[in-house]
Structure formats: C-alpha cells, structure tokens
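Asker: Here the protein sequences line up with chains C and W, keeping their order.
Counting from 1, position 184 in the first sequence corresponds to residue 184 in this note's numbering; the numbering is continuous, with no gaps.
Whatever position you read off the second sequence (first residue = 1), add 281 for this note's numbering.
Incorrect hints may have been included.
[Unchecked claim] Derived lysine-lysine pairs resembling DSSO-like cross-links, with alpha carbons at most 27 Å apart:
{"hint": "1", "chain 1": "W", "residue 1": "K441", "chain 2": "C", "residue 2": "K207"}
{"hint": "2", "chain 1": "C", "residue 1": "K103", "chain 2": "W", "residue 2": "K548"}
{"hint": "3", "chain 1": "C", "residue 1": "K228", "chain 2": "W", "residue 2": "K288"}
{"hint": "4", "chain 1": "C", "residue 1": "K173", "chain 2": "W", "residue 2": "K388"}
{"hint": "5", "chain 1": "W", "residue 1": "K388", "chain 2": "C", "residue 2": "K128"}
{"hint": "6", "chain 1": "C", "residue 1": "K36", "chain 2": "W", "residue 2": "K441"}
Honestly, the hints are just simulated from the structure, not real lab data.
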Amino acid sequence: MKSQNNILIIGGPNVGKTHFGGQLYGRLINKRGSYKITSPPENLIIFREVLDSLSEGKSAGRTHVSSNEQLKLEIEDSKNNKILFNFPDYAGEQIDKIVNERKVNSIWKENIDNSTGWMLFIRLDELKPIEDLVNRGIPEQSVLESRKNNEINLAISPTAFFIELLQMLLHVKGINSCKNNSDIKLTVVLSCWDNIDGITEESKPSKILEEKLPLVKQFIDSIWAQDKVTFMGLSSTGKTLSNENVDDEYIDKGPENFGYIVNSNGVKESDLTLSISGIIG
Amino acid sequence: MNEKCSKESCFPNETGCNVEGHEYVTDCQFYNSKEDIESQDEEIEEEHLLSFPWTGNTLGLLDLNFLTASSHPIIIGVTGVASAGKTTFLSTLYCLLRNGRNIGEYKFSGSLTLTGWENIAWYLSWKEDNVIQYPPHTSRNAGRVPGLLHFSLTNSDGIKKDIIFTDAPGEWFDSWVYNKKDINAEGARWIHKSADAFFLFADSEMLSGNKRGIARNQIKFVGDRLKENLNDKPFGLIWSKADETISADIKNQISTYIQNSPIENYKEFETSVREGQKGIFHQNILESIEWVLETIQNQKNTELKVSVQKENDLFLSKR
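Pulled out of the complex, with its shape left as it was, chain W reads as follows (with noise of 0.2 Å):
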C-alpha cells in the first residue's frame, strides 16, 4: 500500500489523486497528510502543486486505467526468447519515429511513455564521447505485467489509434514454452491473453551461430504457444538482426513450422538496426506496425443487416 494514500491504486506523489479525482491531492479524504506536519513547510509546497495521471515511464497494469477509460488501445505483444532482439526494435521504432518517419498515412500524435521510449532508445543514441551501444537486457523481475510503452497515432481523417508494446524479458517466454502453467511465465501469460496481435522473434544471429538448432526450437515453441486461441489476430514473424545471414534451410523450416496450421494474418518481416539497402530493413519496422493496424482495421464488424425494410419508417430509415 502506498504511504500517503489508503487506496491501493493510488499514488499521490507520483500521479496525483486516482480515486478521487481531486485536482490537490490534500483535498482527497483518502490522503494521509500526518507526515506532513513534522515538516510544515513541505506541506505548503504540497498542497499547491499539481501532479499528472502519467508518469513518461513505461506503463502498468494500473496506470492503464488512464488510458483504457477512454479508447481501446491496440496492445501488440512483443514476444520471443532471451537476446532475440525486442527490445531494439523497439528502441529502433522510437527512433525512426524520432528521425520524423511515418507509420503508413498516420502521424504521432502523443505518448504517456516519452521517457520510457528515451530510455530504450538512449542506448542506442550517440553520446557525446561517441559511446553506442545496444539496449541492456529487460531483466526478470518480481513485477508479472511488462513494462508497457505507448504512443498515439492519428490520420488525417483525425481517427486516433493509441498502441501499446509490451517489453518483457525474454525469460518469460523460455519458461512459458516448457511450462505454461510456470510461476514465471505470468507475465508471458498476461501478453497472451491480452494483446491485440503478436510479434515473434527469430533473432537471425542466433539462427546463424552454434546454437542455433536450439534457437529455432524456441521460436518454435513460442510460435506454437502463441497459436493457441490466437483467432483472427495478426501475428508477425519478425526476422531480427536480419543484415546476418542465415541458411535459407533454416529459415524455411521455422517459416514452414510456424505455418503447419492456418494463420489467418500472418507476415514475416526482415529487420535490423542497420538500415540495410536503400533503408529496407528500417522500413519493415514501420510496415510490420501498419500491417498490425491495417489487419485490425480490417476486422470491424460487418454492417448490420434490417431485414424489414420499409421505406417510409422514419425510424428505419435513419442512419
């Protein structure tokens, strides 16, 4: 429970007053102000400052709420195994979008994750002593929801689509694939079950080096996890750190694999932080995110049809 507040879903400091709604979190009858008055001071800075529903760090469970209440967020699970390479996609993603590149005819139009996206993507910027390196592995933590980032889109016809990525430790997954029931894998379960649509990594690298007969067993697994309930979501096979070749056997193999049963939505796409010829590599990053959209857009129900038509019912005939 936090501190200044009896409500568990609530974090004054950070977020201001969630329950409530006050716009000073001191005027909320749920706010413990004791502290406060060791230190009188304190309080009066407090009282007067207000504090915003996001905190520009990647997203939980809870922090959700501000976003759900008002659209349907497209949550794109981003799934694979250790080192496969998720994490810089998505930090090369930020950066294209950084660099002024379009997804498809949408444009930016937001993110509750700014700090959490210039984190990832801070790792892969150059410093002033011309440091560059690639992303920190995600690491395993007690949390069971991975960090989420977040941006908006909206095209010109002013239609906002907010997307959420999951950035979760490929650990995850290598539990869930051997265990789906594992204490571990909550986390890949909870992508499971609540993304949009899918994105698996096959890390060209690994697929390429010694291990990797194992490597193409876990995006096998993974891909066949995945597959379970998967319905009409998309589900992108992306080749990661795709500038290392890789045997067109193996590649055919898993590419096969995943498509031993029918995938209503399926594309590969060959990615890499270099930009590869003519940028296709860079490219493809932004294509697999307007695939994703395209594909769900798609999907809208069909338009209902009156079988009683009349024409002179006012009420019918409103549309």
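Isolated chain C, as found in the complex (with noise of 0.2 Å):
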C-alpha cells in the first residue's frame, strides 16, 4: 500500500520556501538522493519559475499573494516504497494573515485538516533581535521620563508570533495540546542556514534554536513527543543568488550540486531529499 503524505509547508514570506522547492525537486527528479521520483507530475506549473531561474544561476521571484496550488508527486525511497506526497505553494503573507487577523480560509483549513506532517520555516538572520530589560538592562530613571512621551505601535515579537502559529494550526487540526503530542510530526527547518549569526561547523539547529528563539523551542519540546520533531537547517542554494546577475558556477555545475541541509546532529548533507524524511512514511 502506498503511504499518503501530505506535506504542509509553513513559512512567512522570503523564508525560501519556493528555492526548497525547486531544489528538493531538482534533487528528487535527478534520483541521487535518498528519495526518487517515480514519474514526472503530470502538471509541473508551480515550480516553473524556480527551475528556470535556478538553472539560469538566478534567483526566483516571489510566489503571487494569491497563488494557491498542490503539486502532487509519487516519490519512492531505497526500499522502493511508494509514498505519495502534496507539496503545497503559496505566498507567506498568508501566513501572515492568519496570524495577525485571526481568521483561517477554507483552503487553508483543508490544507490543515488533510496534512500527515508540517515543515515550520523559520529565517533567522530576518528576525530583529528583541532588546528587552532582561537581556539589556533598562537605562536611569531619568532618560525614561524624556523618554516618555514617543509612542510606537505594539509590534508582536518573532516568539510570539511563532508560538500563536502554532497553537492556531494545532487548534484547527484539532490536537490536544496537553500531553506528548504525536499525531502530527514536525520538521523545524532554519532557513538561509550560511546567514545566520555565529554559526560553525560544530553549530547543531535545535541549539541554535534554543538560543535565538529559546521560548519557541520549549514549546515545541513540551507540546511534541520527542520523536515526532526533528530540528534541521537548510541553504536550499549554497550560496546567495541574484534575481539580476547569472551565477556561472551555477549554470555550468547545475543547480542540483549546490544546497545542503543541515541535520540534527549538526552534519551537512548535500542530499537535500532527506529534510522530508523526519515527516513521511
């Protein structure tokens, strides 16, 4: 029997979402990798733009606001188990929307209800750090009273915004987030990995994560069983792309040799069909 696999990728806007895309394509159709593709889907429209741009040595565009489409691919592993797996596309502003009006569409909703597994985009070299009392110490008494009458709109922090996520897409699928959570399995994936701040050889994603974003990571740890979230990091293309300017490497070695993912134990793989592996089956 096949395995059905339906992926929900979340992720806000420019967190790289369409490059993953086309590269986890590139690799799947190449069949070096871990996963394969069985036959080419037969609509391919959604990742055209990517593919082109991408051999072109170029970088994408971004997916139009309103863009909302399923490529559907059967894909098999080294055993030659048949998994069938939904790659949604969509803009992240959606993401957005969600969030801050509070509302799901129906589409969104089915794409909720239907999925067997979440990848949660997360750019961290995009996120302001937060300067707070805590980690900055808070100026005299008298700075704050000149200080006092600007007034700037509340903007909701990252933490917060990641944890409300969350909790909105468990509250639509409709888990109990009161014990070990495991009916649905979660692939934490820290985009533009080469950008982030103080990142080494030895830098392992899930740490990283505890020290940029510390509250978001203990949620997930007390919301999801152990085994059923896998933290990792991604540079879909290796390294940054122009959307003006051709990348010659790029053009002459293909865009299947550039990109790793960075696995929980810290160790680059260049096989990027293995960021599916910790969600399907």
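Got two chains here, each in a separate frame; can you build the complex from them with the hints?
Answerer: Here it is as structure tokens:
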C-alpha cells in the first residue's frame, strides 16, 4: 500500500519556501538522493519559474500573493516503497494573515486538516533580535522620563508570532496540546542557515533555535513527543543568488549540485531529499 | 448584546461560534446575517472563515470559560495600590520567559494571551530609537473584571498547569481598603473571591520617599483585607523595585504587621526590573511563581484510608 503524505510547508514571506521546493524537486528528479520521483508529475507549473531561474544561476521571484497550488508527486524510497506526497505553493503573506487577522480560510482549513506532517520554516537571519530589560537592562529613570511621550505601535515579537501560529494550527487540526503530541510530525527548518549569525561547523540546529528563540523551542519541546519533531538547517541554494546577474558556476555545474541541509547532529548533507525523511512514511 | 449574535455570551466576529460550537458562524441558528445582505461579497468571504476561541488579548470572564471547561487554572491575584509595580512585575516575568528562563522544573507550553503579554512587555523593550519605558498606568475602567493574563507550564511528567494573573488597576484596591463594599472595588472583590494565591506588592521606591508613611499604611490595609478567609492560600509579599534601599525599620514593621496573625503559607520576595547581584531580583520573580505552584501542589488531599481491608476482595484491592 502506498503511504499518503501531505506535507504542509509553513513559512512567512521570503523564508525560502519556493527555492526549497525547486531544489527538492531537482534532487528528486535526478534520482541520486534517498528519495526519487517515479514518474514526472502531470503539472509542474508551480515550479516552472524557480527551476528556470536556478538553471540560469539566478534567484527566483516571489510567489504571487493569491497563489494556492498543490503539486502531487509520487516518490519512492531506497526500498522502493511508494510514497505520495503533496507539495503546496502559496505566498508567505497568507501565513502572516492567519496570525494577524486570526482567521483561517477554507483552503487553509483543508490543507491543515489533510496534512500529515508540518515543515515550519524560520529564517533567523531576518528576525530582529529583541532587546528588552532582561537581556539589555534598563536605563536610569531620568532617561526614561525624557522619552516617555513617544508612542510606538505594538509589533508582536517573532517569539509570540511563531508560538501563536503553532497554537492556531494545532487548534484547527484539533490536536490536544495537553500531552506529548504524536499526532502530527513536525520538522523545524532554519532556512538560509549560512546567513545566521554565529554559525560554526559544529552548530546544531536545535541549539541554534534554543539560543535565538528560546521560548519557541521550549513550547515545541513541551507539546511534541521527542521522536515526532526534527530540527534542521537548510541552505537550498548553497550560496546567495541574485535575480539579475547570473552565476556562471551555477549554470555549469547545475543547481542540483548546490545546497545542503544540516541534520539534527549538525552534519551537512547535500542530499536535500533527506529533509522530508522526518515527516513522511 | 452583540450585534451579530442573539446570544449575549457570543462574539462571533472575534472568537467564532461560542454557544453552539459551529465551525462556521453562519451555520448557527442564532447568528444574525441580515446585515450581510447589503454586501454579498462580504458574506461569501465570511462564510468560509474560521475563527479561534481566544483573541490573544487579556481574557475577560466569558473568555475564561474556554479554559475552565477543561482545566482548573491557578489564579494568582496580583494586588497592591496604584504604582506599586504590579504590571512591571508581570512584564518582567514575561520577558524572562521569552529569554528562555524556566520556572522551576516547568517549561512554557502555551498562552492564550500572547498579545496581552507582548503589550505589557512592549513598554519595557528597546525600540528602534532606543526608547524604553515603564508600563503606563493600568487605568480604572468600567469593567468589573481585571485583565487576565494566561500561560501554561508543563513539567517533564507531562503535568500541565494553567496559570492566570490578574492585571488590575491599583485604584480598585485603594477603594477596597477603605470600604469593602465600595462600588469601585467590585474588581478587587472578584480577585479576593476567585484567586488561589495572592501577591501583595510593596513598592520600595514609595517606601523610601516622602510618602512612605501613607504607603506603609496602604500595604498593611490591603494585607488585612487579603487575609480575611485566606485559609491555606499562598500569600506572597513582593518587595518591588528592591534595588531602592528602604529603612530596615519600615520593612520590618510591614513584615511583622502582615504576620501579626498566622498565615499558613507566607513568603517574601525581593524583585526588580533590574537584575541585581547575580540576577537575584529576576530569579526571585521566577521563584515566587514556583513557590505558588509548589505550595498548591502540596495541598492535595491526603489519600483515602480504607478502614476495612480485605486482601481477597478484588474490588478493594484494585488501585
């Protein structure tokens, strides 16, 4: 029997979902990784732009805001087990909208209901670090007084954003957050890994998340059963590409030879197809 | 009454269908969709939107139902007169958690009021132009219930505790101290009646200034009110802004006064937004919550003793 996997890729704007999709597809179709595509899908339109751009050594444009497409792939693992797997494509603004407007539309409701595994994309290098009284201290009262009249609107911290997003997804999915949850598998993907401050060859993704967003890590650890959650780093393209100038090395070697994941032990792997191993099967 | 639902306890636009529990509000018999006829587009849009039973902001009494339906939250009454540092204490607590600090062996496992926490912490966060300020005054409003802030904690055994803090204006307690039945003290009475534990705030800054005499009286009087029907509920005296030095006399007088009749579970904590030596003031904030959790945990009923023990009775030996 084929196992059916609906992967829900969850990530705000500009976290690298499209590049990941394109590169993952490239690896699957090249059939050199742990998972392979059995036959090319009927409709590949959602990856057209990213595949074209990457082959030209350029970065791809952003997904259209209203776009909501699914790519259905049939893949097999090294033991020839067939796995069906759906790859959704949408603009990250939709994720922001869920959290900010606190509403889920019927397309998302269906996506969440049908999902069997979640990949949460967090791009740490674009998050502004919060400096509050705990990590930076507080100035003297006289300084505070002089600044009191400036009003600035509240913007919730990335910490609150990700926790609220996960709480909302769990609620829609109808998962009880009281106990160790093993009803849905979760992979936390730290995208643009090579751009994160302070990354070394020894860095482990779970430790980096703990360092940068400790409360999000704590929340995930207390909700998910240990064997149902994976933390990994990802650099889909291996280096920064521009959407105007071509990268000759990219054209010559082919995009499938660039990009890597950093597994939970902190080891780099060029087989991007391993990124889905934690949530399928 | 809410304009979109004929039931008073339902706020369909914010928290979805509260009474009947429909996924989509328009399926509910009590939902009033008349207004939508004017704008058909809006109706179509609305039909397919799912809401969440919590808004992220501080909880009101009706919002509590969502939580109390499945658990018995521990309500910590945060009390003290105006400007005693109650809200600042709560924002510091949240900032500590956000920076990854733990409360004892417990780990953070969610919150229904993240926006509420962020709101009060926002004032104590550095902004782009380097502005940081103490939370503004929590104003006395028409509402009779304080803003309630929530988070849940889970320990390694998977035991989950829901904790609720009251974030109430000090004026409620000012009124309550002098007249228990004061119309403006409704909120203070609610806290006194509902809370499972109390923190009374003594502001070290006020106790070292010109008005220290009045401040001392106010703290004592709030303490007296809290002690009525206290039983074994934990009572913590929080010395806020403890980086300000106050005279040992004043401190001693307050402490002795509060304990002039026995309090079963009493402890004092020195706290401040400033971390103090080796982070002691911050550590004390976390420990005060841990102490409440532990104290309440230890108050579980003792195991029932079965007077007739028959070893061969299968029913009785089943545990």
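Asker: Work down the list of hints and note, for each, if the structure agrees.
Answerer: Results of checking the hints against the structure:
Of the supplied pair hints, the one linking K441 (chain W) and K207 (chain C) holds, its CA atoms being roughly 25 Å apart against a limit of 27 Å. Under the criterion of a C-alpha separation no larger than 27 Å, the hint pairing K103 (chain C) with K548 (chain W) is inconsistent with the structure, at around 44 Å. Between K228 (chain C) and K288 (chain W) the alpha-carbon distance is near 42 Å, which puts this suggested pair outside the 27 Å criterion. A C-alpha spacing of about 23 Å is found between K173 (chain C) and K388 (chain W), which places the hinted pair at or below 27 Å, so the restraint holds.
A C-alpha spacing of about 24 Å is found between K388 (chain W) and K128 (chain C), which places the hinted pair at or below 27 Å, so the restraint holds. Distance restraint check for K36 (chain C) and K441 (chain W): the Cα-Cα separation of roughly 43 Å exceeds the 27 Å cut-off, and the hinted pair is therefore not satisfied.
When held up to the earlier numbered hints, the structure conflicts with 2, 3, 6 and fits the remainder.
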